[in-house]
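There are 2 protein chains.
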Amino acid sequence: MLSLNIRTDKREFIYRQIYNQLKREILLHHFLPNEQLPSKRELSETLNVSVNSVNSAYQQLLAEGYIYSKERSGFFVEKLDTISPSFGTTHTLSPELIEPAESGGHLISFSHMSADRSAFPFDNWLNCERKVLKLKNSDLSDDPTRFPQGIYSVRRTIARFLSLTRGVNSFPEQIVLGSGTQVLVQMLIQLLPVSSTYAMEDPGYRRVYQLLKNQKADIKEIKLDKKGISVNEIKRINPNIVYVTPSHQFPTGIVMPISRRIQLLNWASEAENRYIIEDDYDSEFKYGFDTIPSLQGLDSFERVIYIGTFSKSILPGLRISYMVLPQHLVKKFRERFGFFMQTCNGLAQLTLQNFIDSGEYQKHIKHMRQIYSERRMLLIEELEKRFAGSITIYGAKAGLHFMATFETKRSAEEIIIRAKKDKLELYSLNRCYLSQDNLFNKPAFILGFANLPVEKIGEAVDRLYRAVFQ
Amino acid sequence: MLSLNIRTDKREFIYRQIYNQLKREILLHHFLPNEQLPSKRELSETLNVSVNSVNSAYQQLLAEGYIYSKERSGFFVEKLDTISPSFGTTHTLSPELIEPAESGGHLISFSHMSADRSAFPFDNWLNCERKVLKLKNSDLSDDPTRFPQGIYSVRRTIARFLSLTRGVNSFPEQIVLGSGTQVLVQMLIQLLPVSSTYAMEDPGYRRVYQLLKNQKADIKEIKLDKKGISVNEIKRINPNIVYVTPSHQFPTGIVMPISRRIQLLNWASEAENRYIIEDDYDSEFKYGFDTIPSLQGLDSFERVIYIGTFSKSILPGLRISYMVLPQHLVKKFRERFGFFMQTCNGLAQLTLQNFIDSGEYQKHIKHMRQIYSERRMLLIEELEKRFAGSITIYGAKAGLHFMATFETKRSAEEIIIRAKKDKLELYSLNRCYLSQDNLFNKPAFILGFANLPVEKIGEAVDRLYRAVFQ
Chain A
-4 MLSLNIRTDK
6 REFIYRQIYN
16 QLKREILLHH
26 FLPNEQLPSK
36 RELSETLNVS
46 VNSVNSAYQQ
56 LLAEGYIYSK
66 ERSGFFVEKL
76 DTISPSFGTT
86 HTLSPELIEP
96 AESGGHLISF
106 SHMSADRSAF
116 PFDNWLNCER
126 KVLKLKNSDL
136 SDDPTRFPQG
146 IYSVRRTIAR
156 FLSLTRGVNS
166 FPEQIVLGSG
176 TQVLVQMLIQ
186 LLPVSSTYAM
196 EDPGYRRVYQ
206 LLKNQKADIK
216 EIKLDKKGIS
226 VNEIKRINPN
236 IVYVTPSHQF
246 PTGIVMPISR
256 RIQLLNWASE
266 AENRYIIEDD
276 YDSEFKYGFD
286 TIPSLQGLDS
296 FERVIYIGTF
306 SKSILPGLRI
316 SYMVLPQHLV
326 KKFRERFGFF
336 MQTCNGLAQL
346 TLQNFIDSGE
356 YQKHIKHMRQ
366 IYSERRMLLI
376 EELEKRFAGS
386 ITIYGAKAGL
396 HFMATFETKR
406 SAEEIIIRAK
416 KDKLELYSLN
426 RCYLSQDNLF
436 NKPAFILGFA
446 NLPVEKIGEA
456 VDRLYRAVFQ
Chain B
-4 MLSLNIRTDK
6 REFIYRQIYN
16 QLKREILLHH
26 FLPNEQLPSK
36 RELSETLNVS
46 VNSVNSAYQQ
56 LLAEGYIYSK
66 ERSGFFVEKL
76 DTISPSFGTT
86 HTLSPELIEP
96 AESGGHLISF
106 SHMSADRSAF
116 PFDNWLNCER
126 KVLKLKNSDL
136 SDDPTRFPQG
146 IYSVRRTIAR
156 FLSLTRGVNS
166 FPEQIVLGSG
176 TQVLVQMLIQ
186 LLPVSSTYAM
196 EDPGYRRVYQ
206 LLKNQKADIK
216 EIKLDKKGIS
226 VNEIKRINPN
236 IVYVTPSHQF
246 PTGIVMPISR
256 RIQLLNWASE
266 AENRYIIEDD
276 YDSEFKYGFD
286 TIPSLQGLDS
296 FERVIYIGTF
306 SKSILPGLRI
316 SYMVLPQHLV
326 KKFRERFGFF
336 MQTCNGLAQL
346 TLQNFIDSGE
356 YQKHIKHMRQ
366 IYSERRMLLI
376 EELEKRFAGS
386 ITIYGAKAGL
396 HFMATFETKR
406 SAEEIIIRAK
416 KDKLELYSLN
426 RCYLSQDNLF
436 NKPAFILGFA
446 NLPVEKIGEA
456 VDRLYRAVFQ
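Line by line, the protein sequences give chains A and B.
For the first sequence, our numbering gives the first residue as -4, with consecutive numbering after it.
For the second sequence, our numbering gives the first residue as -4, with consecutive numbering after it.
Just so you know, these hints were derived from the structure itself, not from any lab.
Keep in mind that a hint or two might mislead.
One copy or two, either will do: identical chains are not told apart, so a pair holds if it fits within one copy or between any two.
Calculated lysine-lysine pairs in the PhoX-like style (CA-CA distance at most 25 Å, straight line) [claimed, not checked]:
#1 K230 x K74
#2 K74 x K221
#3 K208 x K327
#4 K129 x K451
#5 K327 x K211
#6 K358 x K129
#7 K126 x K361
#8 K221 x K18
#9 K65 x K221
#10 K230 x K215
#11 K65 x K222
#12 K74 x K222
#13 K18 x K392
#14 K392 x K35
#15 K392 x K65
Work out the full structure: start from the sequences and follow the hints.
So, in structure tokens, the structure goes:
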């Protein structure tokens, strides 16, 4: 005789109680295989519940395959293999995996990966978003399988914008959007010649280096000289693909001069399988001079793949990056990634388009350039005053970070640990070395100022001083 | 003597005109290497422009490395290699690459990859967004490098939600967000044993199949029987990883019964390196019965990786999917992808969290379930009436599509071509076969109804009838 414990005072629906208890009984093999269940009427009378409740429970058990029905005979228990069901067992989280629920509160940060949220014109952004929603753009409901490269009109806006501001030559058809540079690079390596050797600037962008390593790519690290990546070294080591940050080398801040650019382009044009990946990650921010036109704009051999992002200029969390492919690679992209769903949020794509087309974006950049320029200047002033002769600053008047070395007996690691205790977030240059040792015989740091408000600069420099010397 | 053509009636700034023309002259080697440029004062007098304009032009050329300066001597032209500069050359787009700027207007669509935008409560969504912005959540400005798995509080909401609605057992620490299932699967295969053999349902989800193929994974195609993927076939072919869609097999619509689930889990528990990837892509939508609890919830051996998405239930363009990893794979994820930036839009993540926590999401799902249920019923009624005995419909009362075969002499390809001419978008089952031939000896189609408003069902069925028979 079936004994179920149904309580009308529980918040759970009656039918769910019947369903759950029967399911449990069946899984624990308290029924024989093919055993007949009581009829719906019978069970409803036994439990003193409505036939409807029993029926709903039976239907759900039927849909999930716990029972089967025979016409005019009733319901029977399925023959099930034994399993150790996990219900009832307690799950515990391994202590080493526990994450802090809150992100680091009262920290002062020299992170170079941040942007200033407080200066972002959210109201204007929301206005653009509302406009997009009002237009009932059909691109918004369309599935992302229709446009693996991103929404066409958005790419049209980006192509126009890149031509104007970066001298990049492109048709919308050549642009591929992606939710981060890493996503794009992951696709790109599948488009480039199969047994390629990649060269990267050292020190350089470790996140891409790691990505290539994970993909088992063959990577060579190339030293920098004062003009950036050394073309002589490239010729000696003989990779066929070179990943560079010519507008503002990461992390050293070198702007690659035109002479080196020409050498690099000429090198690339000398063989069929050579490519340059130009990562223009913070090109919007130059102080005291205009932005530096892209390498891509000088390339007439379709050898440059241009990569850019709106993460630095809008918000890191926007997750809209793009690459401009040479036309022969567009063809390859469509063959290989025609099945791939676009990864960028659709509403964010269209809002961004509106934000650019309405001129708000350029206004925002201009505004941020002033803010960042002032911050950069004040920070450098403050550093030079506080550290007197014991600091050297490197890098062009550009971007959202610069590099500095310190005359101290402490190691970079020790300084970082001390800074951390003092709630100062600090990144050493060591994290950017791909293979070689420190270029300098003293600790070097990447000092980002994007998320460092003017009123906190003094305190930030104090904490840094304490970590370096006291 | 330097001859530049400066026009004050042009919209371009004077300094840009000087800069552009000098740059061109230098690139075309109209200067000798190391040739001295006229002094700023001299040039300003020749051109009849301000010294400031000339200075700005020189500073920009200096920053880009076209010229160099010697203290007290002036400015000199850099020695540059020859390059074929692309400026001036006209770029043309290869005709085969041209995309239509507009997406397909007055189409009626049986696409199964869409969602109904018109029923989405954009106002509520925007309200949630505004709330998020008001809270000035620091997660919003934080860089996505801080939370490679996604914002913690968002994952906490998703874990709670999955437990409630899908019986999924998880801690927020086990959840990884990603801008699409494809992005997640790409990472996942790097966490699973290196020389794995994957098994997929055939017919099945070609987008993942293609992705695995691109990554050079070893994949076996496994036939279905009426309970879904055949465990006997799995044992015979002996893969170690099985990718399944048990809640609503794509595309056949089979709900995997509990007997098969237990067999599959038991198979997975029998060896160390075995895993089940459970893709629960449209689990929210069941009509006439409750949702089917996940496979993951029955797994006590940490063998199931659960993958889900909000693309079907909110908007395809949202691009927020997630996977729930067994704890030992979380550890591996952090080792391998600690450097990877989270790909989901930050504002969308937080808005989604608010949307779920405020109960709006469940309200929306309930509403859509009614809409889709009605649509599904009307569409089936209409199809059965119009095609009388010449149609067979397959698939449980679930999801956003079902399968149908037709008694006709026409091939699926011919029907699709005819439908296209008649502005009807139609997908054949053939696109879902991974290796084998058509299961049926007649044309079979995936009929999606998510983007098919009730008032267009009659017209859609008419067009389909014409394509199949007339």
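Same-copy or cross-copy closeness of K65 to K221 [CA-CA at most 25 Å]
Classified as between: cross-chain Cα gap 18 Å, same-chain 83 Å, threshold 25 Å.
State whether the alpha carbon distance between K129 and K451 is at most 25 Å within one copy, between copies, both, or neither.
Classified as between: cross-chain Cα gap 23 Å, same-chain 41 Å, threshold 25 Å.
How do K230 and K74 come out at 25 Å by Cα distance, when the copy is not named: within, between, both, or neither?
between (70 Å within a copy, 20 Å between copies)
Classify it for me, K74 with K222: is the Cα-Cα distance of at most 25 Å met within a copy, between copies, both or neither?
between (74 Å within a copy, 14 Å between copies)
One pair to classify: K392 and K35, alpha carbons no more than 25 Å apart. Within, between, both, or neither?
between (80 Å within a copy, 23 Å between copies)
Can you tell me if K230 and K215 fall within 25 Å by alpha carbon in one copy, between copies, both or neither?
within (12 Å within a copy, 44 Å between copies)
Alpha-carbon proximity context of K65 and K222, limit 25 Å:
Result: close only across copies, 18 Å inter versus 82 Å intra.
When no copy is named, should K74 and K221 be tagged within, between, both, or neither for a Cα gap of at most 25 Å?
between (75 Å within a copy, 16 Å between copies)
Can you give me the call for K327 and K211, within, between, both or neither, at a CA distance of at most 25 Å?
both (21 Å within a copy, 17 Å between copies)
Under a CA distance limit of 25 Å, which applies to K18 and K392: within one copy, between copies, both, or neither?
between (68 Å within a copy, 21 Å between copies)
Checking an output row: K208 and K327, CA cutoff 25 Å. Within, between, both or neither?
both (23 Å within a copy, 16 Å between copies)
At most 25 Å between C-alpha atoms: does K358 with K129 qualify within a copy, between copies, both, or neither?
both (24 Å within a copy, 23 Å between copies)
Of the hints listed earlier, there is not a single one the structure fails to meet.
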